[in-house]
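Assemble the complex: chain A is given as a structure, and chain B must be docked to it using the hints.
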Amino acid sequence: MLAPSGRVDHAIAEELRTDLAPYLGRCGEGQDHVVLDFAGVDYISSAGLRVLMLAAKQAKTQRGFLAVAAVPPLVQEILEISKFTLVIRTLPSVREAAAAASAAGLAALERS
Amino acid sequence: MPTVAGRLPPDRLDGDAALDDLDPADVVSRAGADPARAGRVRARPRTHGACSILLGTILSRVKIKQTRTFRARLGEATNVSAFVESAILGMEARLVMRLRLAVEELFVNTVTHGYGSDSDAPVEVTVRIDGDRIVLIYEDAAPPFDPFAKVERPDPDASLESRSAGRLGVFLITQIAERCHYARTGDRNCVTVELAVC
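Chains A and B are the protein sequences, given in the same order.
For the first sequence, the numbering used here assigns the number 1 to the initial residue and increments by one for each residue that follows.
For the second sequence, the numbering used here assigns the number 1 to the initial residue and increments by one for each residue that follows.
Heads up, a few of these hints could be off.
What the hints assert, rightly or not - Below, simulated SDA-like cross-link-like pairs (lysine to any residue); rule was C-alpha separation at most 25 Å, straight line:
{"id": "1", "chain 1": "A", "residue 1": "Lys83", "chain 2": "B", "residue 2": "Lys63"}
{"id": "2", "chain 1": "B", "residue 1": "Lys63", "chain 2": "B", "residue 2": "Arg73"}
{"id": "3", "chain 1": "A", "residue 1": "Lys57", "chain 2": "B", "residue 2": "Glu152"}
{"id": "4", "chain 1": "A", "residue 1": "Lys57", "chain 2": "B", "residue 2": "Asp155"}
{"id": "5", "chain 1": "A", "residue 1": "Lys60", "chain 2": "A", "residue 2": "Val75"}
{"id": "6", "chain 1": "A", "residue 1": "Lys83", "chain 2": "B", "residue 2": "Glu124"}
{"id": "7", "chain 1": "A", "residue 1": "Lys83", "chain 2": "B", "residue 2": "Glu194"}
{"id": "8", "chain 1": "A", "residue 1": "Lys57", "chain 2": "B", "residue 2": "Phe171"}
{"id": "9", "chain 1": "A", "residue 1": "Lys57", "chain 2": "B", "residue 2": "Ser159"}
{"id": "10", "chain 1": "B", "residue 1": "Lys150", "chain 2": "B", "residue 2": "Glu124"}
{"id": "11", "chain 1": "A", "residue 1": "Lys60", "chain 2": "A", "residue 2": "Ala100"}
{"id": "12", "chain 1": "A", "residue 1": "Lys60", "chain 2": "A", "residue 2": "Lys83"}
{"id": "13", "chain 1": "A", "residue 1": "Lys83", "chain 2": "B", "residue 2": "Thr174"}
{"id": "14", "chain 1": "B", "residue 1": "Lys65", "chain 2": "B", "residue 2": "Asp155"}
{"id": "15", "chain 1": "B", "residue 1": "Lys63", "chain 2": "B", "residue 2": "Val197"}
{"id": "16", "chain 1": "A", "residue 1": "Lys83", "chain 2": "B", "residue 2": "Glu76"}
{"id": "17", "chain 1": "A", "residue 1": "Lys60", "chain 2": "B", "residue 2": "Glu194"}
{"id": "18", "chain 1": "B", "residue 1": "Lys65", "chain 2": "B", "residue 2": "Arg179"}
{"id": "19", "chain 1": "A", "residue 1": "Lys57", "chain 2": "A", "residue 2": "Pro72"}
{"id": "20", "chain 1": "A", "residue 1": "Lys83", "chain 2": "B", "residue 2": "Glu161"}
{"id": "21", "chain 1": "A", "residue 1": "Lys83", "chain 2": "B", "residue 2": "Ala93"}
{"id": "22", "chain 1": "B", "residue 1": "Lys150", "chain 2": "A", "residue 2": "Glu77"}
{"id": "23", "chain 1": "A", "residue 1": "Lys57", "chain 2": "A", "residue 2": "Tyr23"}
To be clear, the hints were calculated from the coordinates, so they are not data collected in a lab.
Just chain A, with the same shape it has in the complex (with noise of 0.2 Å):
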């Protein structure tokens, strides 16, 4: 669980991906989920979805678990207006994504 605030914007953006990318690199199938805790975060810009997408593509690409929890409403319209809430899954709360893992999880297990 990550928990970024503030603002998500072209300043940030770099250190964000920085800082994201160790828990990425173990988002694998089988290996940790990662939800992002976005509650705190009240702004961002497409340097910041820039940052979601890449995650986006290699927890995809390592079949991992990422979704981004708890987004505030005006940040949620600028996923939606961007279509980022097609290709990132998106959960109302930190409880529902730790519920979304957990399955996921189990899954994985089931399948294995």
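Coordinates of chain B only, in the frame set by chain A:
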């Protein structure tokens, strides 16, 4: 609604710009010409309601403009955002976020694509509060480029793998704005983005 004085730090005002369209005599005569409004004003000459009607009439006709010039450096992006935010301080959070978003996308594009890298070249940012609209006027002296000529839209049917990770900035502006306009004026690119006050 905040008063004009409350909304504007005086040191941030352009000398020529404040209240440039306001003629109080005209406001009063217009109020007087409207029988319903005039009647209410006469019936309750000292009430808050009457004052609000007049104040609302005045504010809806006020044009407040603030301009600042920045150097085209990515490190300045935070200052550009802070400037536009201060220009509409106290207004609705959605509007503040949209204005920040528009100017950040334009500024980052100017530095990285327009001028090519950090430089001392100018970027002039103007924010005008114009009745029920916020108008962002954004000018740089980079080679001619119309950001709205060909806007790439994210394809909702595209798979995650095939979606590009970038180039969303201008698309976002076109989606949050009421109107976007580009003009080449002399040696300047002039982008105008109008946002509706929610």
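Cross-check of the supplied hints:
1. A:Lys83 - B:Lys63: 36 Å, violated
2. B:Lys63 - B:Arg73: 30 Å, violated
3. A:Lys57 - B:Glu152: 20 Å, holds
4. A:Lys57 - B:Asp155: 16 Å, holds
5. A:Lys60 - A:Val75: 23 Å, holds
6. A:Lys83 - B:Glu124: 31 Å, violated
7. A:Lys83 - B:Glu194: 23 Å, holds
8. A:Lys57 - B:Phe171: 21 Å, holds
9. A:Lys57 - B:Ser159: Roughly 10 Å separates the two Cα atoms, so the pair holds.
10. B:Lys150 - B:Glu124: At roughly 24 Å apart (the allowed maximum being 25 Å), B:Glu124 and B:Lys150 satisfy the hint.
11. A:Lys60 - A:Ala100: With a Cα-Cα distance of about 16 Å, the restraint between A:Lys60 and A:Ala100 holds, given a limit of 25 Å.
12. A:Lys60 - A:Lys83: Measuring from Cα to Cα gives roughly 17 Å; hence the hint holds.
13. A:Lys83 - B:Thr174: Roughly 14 Å separates the two Cα atoms, so the pair holds.
14. B:Lys65 - B:Asp155: 38 Å, violated
15. B:Lys63 - B:Val197: 14 Å, holds
16. A:Lys83 - B:Glu76: 29 Å, violated
17. A:Lys60 - B:Glu194: Outside the cut-off at roughly 38 Å; violated.
18. B:Lys65 - B:Arg179: 18 Å, holds
19. A:Lys57 - A:Pro72: 23 Å, holds
20. A:Lys83 - B:Glu161: 14 Å, holds
21. A:Lys83 - B:Ala93: Since the Cα atoms of A:Lys83 and B:Ala93 sit roughly 22 Å apart, the hinted pair holds (cutoff 25 Å).
22. B:Lys150 - A:Glu77: 23 Å, holds
23. A:Lys57 - A:Tyr23: 14 Å, holds
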